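Residue numbers (our numbering), protein chains in the order written: chain A, 5 to 122; chain B, -17 to 491.
Derived by calculation from the structure, the hints in this document are not laboratory data.
Hints may be right or wrong, so weigh each one.
[Said to hold, decoys possible] Simulated restraints on C-beta separations:
| no. | chain 1 | residue 1 | chain 2 | residue 2 | range |
| --- | --- | --- | --- | --- | --- |
| 1 | A | Ala94 | B | Leu(-11) | 22 to 30 Å |
| 2 | A | Val101 | B | Gly180 | 45 to 53 Å |
| 3 | B | Val17 | A | Ala62 | 48 to 56 Å |
[As the list claims (entries may be wrong)] Simulated crosslink set (SDA-like; lysine to any residue; CA at most 25 Å straight-line):
| no. | chain 1 | residue 1 | chain 2 | residue 2 |
| --- | --- | --- | --- | --- |
| 4 | A | Lys37 | B | Thr208 |
| 5 | A | Lys37 | B | Glu134 |
| 6 | A | Lys37 | B | Gly132 |
| 7 | A | Lys37 | A | Glu116 |
| 8 | A | Lys37 | A | Thr109 |
| 9 | A | Lys37 | A | Tyr27 |
| 10 | A | Lys37 | B | Pro205 |
| 11 | A | Lys37 | A | Ile86 |
Bear in mind the structure is a predicted one, so any value in this text is a computation, not a measurement.
We put the CB at the ideal spot given by N, CA and C, even for glycine.
So the chains spell out like this:
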Amino acid sequence: MMELLSTRLYYFVAFLLLGVGAYMLIGNANLVKKVIGMNVFQTGIFLFFIVAAFVDGASPPLLTAPAPYVSPLPHVLILTAIVVGVSLTAVALGLVVRIYHEYGTLDEESIERVMDRD
Amino acid sequence: MTDLPALLVAAPILGSVMVLLVGLVRERTGWPITVVASAVQVGGAFALAALAFGDEPVRYVVGGYTAPFGIELVVDGISATMVALIAFVSLGILGYARRAGPRSNTFYATYLLLVAGLTGMSLTGDVFNMYVFLEITGLAAYALVATGDGGEAALAALKYLLVGTVGASLFLLGVGYAFVATGTLNMADLATQLEVVGYGSPLVQAAFGLLVVGLFVKIAVFPLHTWQPDAYANAADSVSALISALVSTVAAYALVRIVFTVFTVDFLIENEFARTVLVAGAVVSIVVGSVLAVTQRDLKRMLAYSSISQFGLVVGAVAVVNGTALTGAMIHLVGHGIMKGGLFLTCGLIATATGARTVDEYEGLVERLPVGAGAFAVLALAMVGVPPAVGFVGKWYIALGAVEAAAWPLAVVILASTLLTLAYFARVLERMFFREPTAPATDAETPERTAKGEVAADGTGPNPGPDPAAVSAGMRATVVAAAVLAVVLGLAAFEYGQLLQPTIERLLA
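Here chain B stands alone, though its shape is the one from the complex (with noise of 0.2 Å):
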């Protein structure tokens, strides 16, 4: 038994405590030990997934009190993927974060014990375990948000703590229900004990639903998404990138969890009105998202609707229950990840370097900033699901899984995304690429956002105004590795599919 997991959680959360311990000591010192806990993390990440993609999941029991009684972390295919996820991409967003901060050391705090609450999520094997990591990766999220300027960005994050709070008290409700049906929490045991009750009791059925709807709160599924456009708007962009990279993410993870892992696919062949609410949040989340994203004109604000829709097709992909769609899913959620984190981060430089923020303030971007637009468009194109990049294997496994289900009305709404994608982001496009640059409409508010700026001087602002100067080497890198990784991933999520092959029909036996 090795004790990876374990450590993979705690690593985090004593970095984040040295972080503020040495912070009394001396200023400015958050950045260089976030770097370090993050490259241990991410080498742990790794030698676990090493472990974890084997025939049988990886388990260590905490504190010594065997399953079903104590706390157990179980690690198989996609809980390794997971944390993979969470650590690579926590620290390249560190690459970023460094000049266009927030720098003070308290951010840096808040930013390893994200880590450690979604680490935690996707490690643990015990349902309330879960509730505790989800608070705790709640709690960090609103943390991060409230970094950004001035009123919004508190508003943005008192509001997506009440709406957050109230998914994560439907999901500890729903974890009551299924205490009081079976008397344990233990993920595995659950399953077993819940046959048992019969998958046809009120309470069962209850217990599902409460555990989905708090779940599509924090996944942000069309209509429960009502706090993530402002959160992810009003942050700061290094949180913006992190949060809509792995918030929602790891909440997906957890949707798949536990209906595969705690209700299993017998439950969801005896209810089909579970499968059918499934379905509709999926497909409203898919269409309302993606025609709300071409509605905005914030780019921010486009790309967290845009989110909103793709974690439809996830929704939708465990809705299909089979092996291709899931193993499309997965490759979706990491895909999504870096695809939209680099959008985000993107968004970030070119409102550092040129102050656009609106989809018309990209007109001709390509000539202010070729870098910038460049990166814009790949990482665009990967999501719209352009081959070979890592969008396209996604969607086009999910696609395939749902005609395989015979699924019709939710393939044809998958293959139509595509095109829902293209909507918005060819917009941003055609602008950046086929337009010459107007007179800079951001010359008017120059005055005004200089003043900003000064205040904004030590990082915390979202809204300095605009300078070449300001962008960094590490943030220029930041962004055109992602760029790279959204293609370069596409060329290896095959060889990964087959890989999770093991654990994928572990999910679905």
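The shape of chain A in the complex, shown without the other chains (with noise of 0.2 Å):
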């Protein structure tokens, strides 16, 4: 078990996140703290691509280094991931401050029962 956690620490570190991601996407009840939560899951699923790719003593893909390289594709992957997650984030706080100005709270509960008196 130790020997495994030793080897395949940043793997656990991924899973990790994917669970304080999605505890805090599910159990939040302040919207805001659902988006950070969102963001912490994708953060998780990156770190996954990139352990991914990395091989032990392998040097930067570029020409001038000696074999063997580290997988660049995971890299490239991740980044375009990375700028669908920033979009993402910037459509979820437009969206939050718009209810923000609607309902004057960012509480989930708070905001249900302002929609049940209506």
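Work from the hints to combine the two standalone chains into their complex.
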């Protein structure tokens, strides 16, 4: 178990982040914290890809460096995924601002109470 | 090699930018530009479809990097069908949106972006590329839902965003697993490499699970549907129609792609459990979706739950794994797109003209608004599966496929789904045609509604006061055209099934 933990530490962290993110997303009543949870969740996946690309003792994927190289492809994929993540966060926060203007609170339960009253 | 596949993705994006730029100079220019862009899209889509329904799929290498290293666009019968459906439905809904709104230029820019995202999802032959288009589609859809009126729409959009992002992220994680297992992202290459790794490998099985669950969220299969009813019910009517007709449909297409092109039939044969999950998702969706639809008072909410049940049928067809059911799935995807889009537009038309939005308010509607009631009845009966409408043909093929495969529990549920569909539509039809209109319950709310109507005068609100004059000829024509199409397509569906044969055989090979 300890050996597995030491050799696969980054994978454990990646999945820990997934768990933490999912918990925040579901368990938190505050809408901004939900968005943060979503970000943590995505970060877990980013880390998973980057770890998968790593090769022990390899050099960066540059022609001037000696072989073997780490895989450059996951880095490129994650760059794209980060851009997607940033756009999602922007849209989410935009919606949060609008919700705040409308209801005067960011607490999910209070918003539901306001909606029921209407 | 033709450049059409790449152009079909690029053109709407270009149109979207054009709408924004021209919008800086002149307001209210979004609609005409979007119409031109959509018309071009329809032309291109049908030209591409003419090429793609052959023995060989059309392939396009992006940027000169050949597959499996670069991104490849692959167009076969089912992707061409999707592209044509997307182009056609998005053009049709414009006829409705002109008067009904939303009318801002940003709305039309997002509208075209959604078309681009959906088209990209349908055309791509690369799983990571599919993820990117999935997110573009998602982003555009979240923004479109938020164009609805008031805080509810924003809240529904945020909920959609959070749940949808988790779904797309799971899809991405699945792509990661498949990539770790094989080192490739190209769909055709993945199919061969995954077989080399072995379908029993936990890595491959996990990749399948994550990809499928991610897409289940996007399709809105029960119990991952929670975003969907709020989003459909609170969006503006044109947006509800567009999203219900296309977004889940293309996600279902992606499921077909992932299951049959990437993992292939052999994977399903080797992993009985994977098939069980698909069957379970389908059965639960069909039954629970229908039951929830019966209990709804709000019409748009009822239609939303109806979608969950109808997509259960499509997932069921995927689980059956034979050519007949898969043909049925494609016909039902197209048919459902037309019928459900049409139903949402009809609901919008009825709400605009009479203010009726709940099942009870539909009492005696046929006297107040014969066109709306008639179109609703035709579309509802088509959805139930009354021959010769397209809803019948799709369900017929799927049921026949289930019987051929001797998947009896599924076959029973699919046949029962017709009755379940009837259960929630009969309620509305009975009120529309066989009851006297009660004293209009909407009168009490009229002052409030009119106040809202003034705010919504630029067409951004879904709830303007009841006003028959607000219904344009374009809105009527779109609704009637949808109803006519739902019947006419049923007549053409058998020929379409024949046309699809080479593609289906390749998928199941």
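Each hint tested on the structure:
The hinted range of 22 to 30 Å is satisfied by Ala94 (chain A) and Leu(-11) (chain B), whose Cβ atoms lie roughly 29 Å apart. A beta carbon spacing of about 50 Å between Val101 (chain A) and Gly180 (chain B) agrees with the range 45 to 53 Å that was offered as a hint. Val17 (chain B) and Ala62 (chain A) have their C-beta atoms about 54 Å apart, which keeps the hinted 48 to 56 Å range intact. For the suggested pair Lys37 (chain A) and Thr208 (chain B), the alpha carbons sit about 20 Å apart, so the restraint of at most 25 Å is met.
For a cut-off of 25 Å, the pair hint linking Lys37 (chain A) to Glu134 (chain B) stands: about 19 Å separates their Cα positions. Pair hint Lys37 (chain A) plus Gly132 (chain B) holds up; C-alpha atoms about 22 Å apart against a cutoff of 25 Å. With a C-alpha separation of about 17 Å, the suggested pair Lys37 (chain A) and Glu116 (chain A) falls inside the 25 Å cut-off, and the hint holds. Distance hint between Lys37 (chain A) and Thr109 (chain A) is fulfilled; the C-alpha atoms sit about 13 Å from each other, no more than 25 Å.
A C-alpha spacing of about 11 Å is found between Lys37 (chain A) and Tyr27 (chain A), which places the hinted pair at or below 25 Å, so the restraint holds. Only pairs whose Cα atoms come within 25 Å are accepted, and Lys37 (chain A) paired with Pro205 (chain B) is accepted, the gap being roughly 24 Å. Proposed proximity of Lys37 (chain A) and Ile86 (chain A) is supported: the alpha carbons are some 19 Å apart, at most 25 Å.
Comparing the model with each earlier hint shows no violations; every hint is respected.
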